[in-house]
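Enquirer: Using the sequences provided together with the hints, build the complete structure.
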Amino acid sequence: MAMKFEKTGEGKYMLDVCGYVCPHPQIYTKKSLEKMSEGDVVLIVLDNPSSVETIVQMCDQVGHEVLERKTEGGKIHMTIKKG
Amino acid sequence: METTVDTSEKKNQIWAFIITGAMLLISLMYYKASPYYMYIVVYVWFGFAYGMMLQYGRFCFASASRDLFAAGVPRMAVGVLVALMFFSLIQATLSSTNMSTFHPAPFGIHTLIAGLIFGVGMVLSGGCASGSLYKIGEGNMTSFLAAFFGLCIGQAIFVDVKWFDFLIPQKWVDSAMAKGLPAEVMTSSFDKYLAGYIWDQPSIQLSHTKAVSEALPGISRYFIADSLLNTLIPAMVVLIVIYYFYSRKGFMKKRAKVKSGPTGFGDEAAGLWNMITASKRTTIMGVIIGMVAGLHIFVIKGMQIKYGVTNFGQVLTRMNNAGDITLKAGEVGIKGTIFDPGYWYITSQEGQLGAWILEKFGWNMRDNIFFGVNNGLPEPWRNPALWMSLGIIFGAMVMARLNNEYKFKLPKGELIVWGLLGGILMGWGSRPALGCNIGAFFIRVAGGDPSGWLYGTGMVGGAFVGVKFFNWWSERKMAKEMESF
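So the protein sequences, as listed, match chains A and B. Letter 34 of the first sequence, counting from 1, is numbered 34 in the working numbering, and no numbers are missing. Letter 239 of the second sequence, counting from 1, is numbered 239 in the working numbering, and no numbers are missing.
Fair warning: there could be bad hints in the mix.
[As the list claims (entries may be wrong)] Derived pair list, reagent style EDC-like, types lysine to aspartate or glutamate, alpha-carbon separation capped at 16 Å:
1) Lys249/B to Asp60/A
2) Lys477/B to Asp16/A
3) Lys253/B to Glu6/A
4) Lys480/B to Asp16/A
5) Lys35/A to Glu10/A
6) Lys280/B to Asp60/A
7) Lys280/B to Glu53/A
8) Lys35/A to Glu483/B
9) Lys468/B to Glu483/B
10) Lys335/B to Asp367/B
11) Lys407/B to Asp60/A
12) Lys254/B to Asp60/A
13) Lys4/A to Asp367/B
14) Lys7/A to Glu481/B
15) Lys477/B to Glu34/A
16) Lys253/B to Glu268/B
17) Lys4/A to Glu483/B
18) Lys480/B to Glu6/A
19) Lys4/A to Glu414/B
20) Lys254/B to Glu268/B
21) Lys7/A to Glu483/B
22) Lys477/B to Glu6/A
23) Lys12/A to Glu38/A
24) Lys75/A to Glu9/B
25) Lys35/A to Glu475/B
Everything labelled a hint here was simulated from the structure, so no lab data went into it.
Expert: Here you go:
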């Protein structure tokens with residue numbers, strides 16, 4: 001198990017925190033968004049449901065936009081655009 | 001793909017039915033063995049309800065302060081404070097009708113220090129004492145590590161060893177000796193701390209203080225002192241502080257976009273309300289948890305009245321005397337009691353399970369006050385509070401299964417270290433204050449005991465330290481990942 005933060009294209013990133021439990025997914029999400037520029041998009045893959053609610057509220061408060069949220073094979077995929 | 005999802009949903013639903021059915025079967029078996037065991041059954045099902053609610057609301061006290069500091073998210077802090085306010089009103093009602101099982105704890109600086117240790121532990125392990133249990137129900141084995149090796153084994157060892165004798169001043173030792181307890185049950189460092197320091201500290205419940213008793217006649221003292229002064233006003237103040245530092249800026253920014261002219265008090269009130277209702281799932285669960293925790297006290301008190309006892313240890317002794325069961329020596333403490341909080345409580349029962357396991361490896365765990373005098377060391381199947389903890393795990397498991405959120409996850413790499421270290425700190429941090437985030441904070445604050453706030457302050461301080469550490473740790477890892485960008 002290892003956290004992965006990759007640049008997948010121009011203004012596009014992927015953060016994989018599968019296997020991690022609270023508070024790691026939300027901390028890594030916050031840190032990833034801090035490293036990105038406004039308008040950049042990150043796909044976050046996680047499998048810790050308790051972190052999702054916190055991430056959604058964090059985005060709402062700061063002004064990031066959750067573009068998509070879906071669950072596939074026990075993994076949660078969230079696409080967030082930095083605001 | 002659709003078929004896979006359907007199959008997985010179906011499987012989860014079947015598991016939810018199997019677990020609930022097993023719990024029902026266990027309850028019936030207990031009732032068949034003896035109607036007295038309804039006492040245990042009540043604990044089981046309240047635990048089950050707590051588990052379901054905690055999982056649904058993602059209700060974790062660790063997250064309350066941690067997510068504030070780590071992500072600036074007040075969701076859980078709001079949920080806890082809402083639960084606290086509702087619970088305090090019910091507590092006051094129960095106290096005023098003499099149906100409360102609440103008892104305040106010794107007040108002192110130890111509460112703050114213990115809270116601090118516990119706070120660091122809960123952030124490292126990823127969940128508070130109750131949060132760890134519900135997360136086990138979600139299949140999170142990092143929480144299992146924390147609960148088993150920290151809250152169970154770590155806590156049991158903590159109360160039984162002499163490792164901390166060097167921290168115990170002679171006056172505590174003298175004071176402990178003067179309590180007249182048999183020397184064979186006063187061997188550990190914790191015993192000297194407990195009998196020589198803790199028992200000498202005053203216990204405060206606002207409604208029972210001289211000033212309040214004189215100023216407020218009748219039952220109003222429970223509502224005004226315990227609920228309003230000790231819980232509602234401080235909780236509101238904390239909510240406003242959280243709003244000011246974490247929610248106000250974002251809300252006012254959005255408000256300014258849709259409103260022309262200056263903002264006023266009405267906007268601030270709307271902002272506060274917006275923060276409280278931002279996560280309906282958590283806030284609603286806060287209200288319900290507060291009410292259920294009150295109902296739990298009411299039901300246990302009712303059972304105690306029905307059986308004419310004040311502790312389940314008396315019931316076990318009665319059953320033993322009647323030949324219904326055969327108690328082993330030391331199952332019930334020398335005061336005739338076992339650990340029976342009478343309300344929502346975590347940690348002591350896990351310590352009992354840890355001690356029971358250690359005894360199987362030849363460790364004498366009854367030569368201390370904690371297990372030998374106060375709490376006893378009953379067989380796990382006769383331990384009502386332990387059944388409450390199991391109920392929490394299985395209740396959360398059912399809810400997680402029903403929401404397709406159950407996932408068995410073994411801890412790997414660094415999570416093993418954080419789980420073990422955090423769990424041990426939680427186990428060790430819960431003992432000196434005689435409770436955890438539930439017993440030492442939630443229950444005490446709502447019951448009118450100011451020491452609950454002291455523990456809560458320590459817990460928040462510890463969480464701050466834990467978050468600082470994780471921020472530093474994750475920053476290092478992020479920098480490494482970004483080297484290739």
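Enquirer: If a hint holds in the structure, say so; if it doesn't, say that too.
Expert: Comparing the hints with the structure gives:
Between the alpha carbons of lysine 249/B and aspartate 60/A the distance comes to roughly 12 Å, so the proposed pair stays at or under 16 Å and holds. As the CA atoms of lysine 477/B and aspartate 16/A are separated by approximately 13 Å, the hinted pair is consistent with the 16 Å bound. Restraint check for lysine 253/B and glutamate 6/A: the C-alpha separation of about 32 Å exceeds 16 Å, so the hint is violated. A distance of roughly 15 Å separates the Cα atoms of lysine 480/B and aspartate 16/A; the hinted pair therefore holds under the 16 Å criterion.
Distance restraint check for lysine 35/A and glutamate 10/A: the Cα-Cα separation of roughly 14 Å lies within the 16 Å cut-off, and the hinted pair is therefore satisfied. With a C-alpha separation of about 14 Å, the suggested pairing of lysine 280/B with aspartate 60/A holds against the 16 Å cut-off. The suggested pairing of lysine 280/B with glutamate 53/A holds, with an alpha-carbon distance near 11 Å, which does not exceed 16 Å. With a C-alpha separation of about 12 Å, the suggested pair lysine 35/A and glutamate 483/B falls inside the 16 Å cut-off, and the hint holds.
Distance restraint check for lysine 468/B and glutamate 483/B: the Cα-Cα separation of roughly 23 Å exceeds the 16 Å cut-off, and the hinted pair is therefore not satisfied. Between lysine 335/B and aspartate 367/B, the direct Cα distance comes to roughly 14 Å. Compliance with the 16 Å bound is thereby established for this hinted pair. For the suggested pair lysine 407/B and aspartate 60/A, the alpha carbons sit about 27 Å apart, so the restraint of at most 16 Å is broken. About 11 Å separates the Cα atoms of lysine 254/B and aspartate 60/A, which keeps this hinted pair within 16 Å; it holds.
Straight-line distance between C-alpha atoms of lysine 4/A and aspartate 367/B comes to about 50 Å, which puts the hinted pair past the 16 Å bound. Among the hinted pairs, lysine 7/A with glutamate 481/B is consistent with the structure: their alpha-carbon atoms are about 10 Å apart, no more than 16 Å. Of the supplied pair hints, the one linking lysine 477/B and glutamate 34/A holds, its CA atoms being roughly 14 Å apart against a limit of 16 Å. About 12 Å separates the Cα atoms of lysine 253/B and glutamate 268/B, which keeps this hinted pair within 16 Å; it holds.
Between lysine 4/A and glutamate 483/B the CA atoms are separated by roughly 12 Å; this keeps the pair inside 16 Å, and the hint holds. With a C-alpha separation of about 11 Å, the suggested pairing of lysine 480/B with glutamate 6/A holds against the 16 Å cut-off. Restraint check: the Cα-Cα separation between lysine 4/A and glutamate 414/B comes to about 15 Å, which is no more than 16 Å; the hinted pair holds. Simply put, lysine 254/B and glutamate 268/B have alpha-carbon atoms about 12 Å apart, close enough for the 16 Å limit, and the pair holds.
A threshold of 16 Å between alpha carbons decides the hint, and for lysine 7/A with glutamate 483/B the separation of about 11 Å falls inside it, so the pair holds. Note on lysine 477/B and glutamate 6/A: the hinted pairing holds, with a Cα-Cα distance of about 12 Å set against a maximum of 16 Å. A C-alpha spacing of about 11 Å is found between lysine 12/A and glutamate 38/A, which places the hinted pair at or below 16 Å, so the restraint holds. Taken as a hint, the lysine 75/A and glutamate 9/B pair is honoured in the structure, with Cα atoms around 14 Å apart against an allowance of 16 Å.
The straight-line distance between the Cα atoms of lysine 35/A and glutamate 475/B is roughly 11 Å, inside the 16 Å bound, and the hint therefore holds.
The structure is inconsistent with the numbered hints 3, 9, 11 and 13, although it conforms to all the rest.
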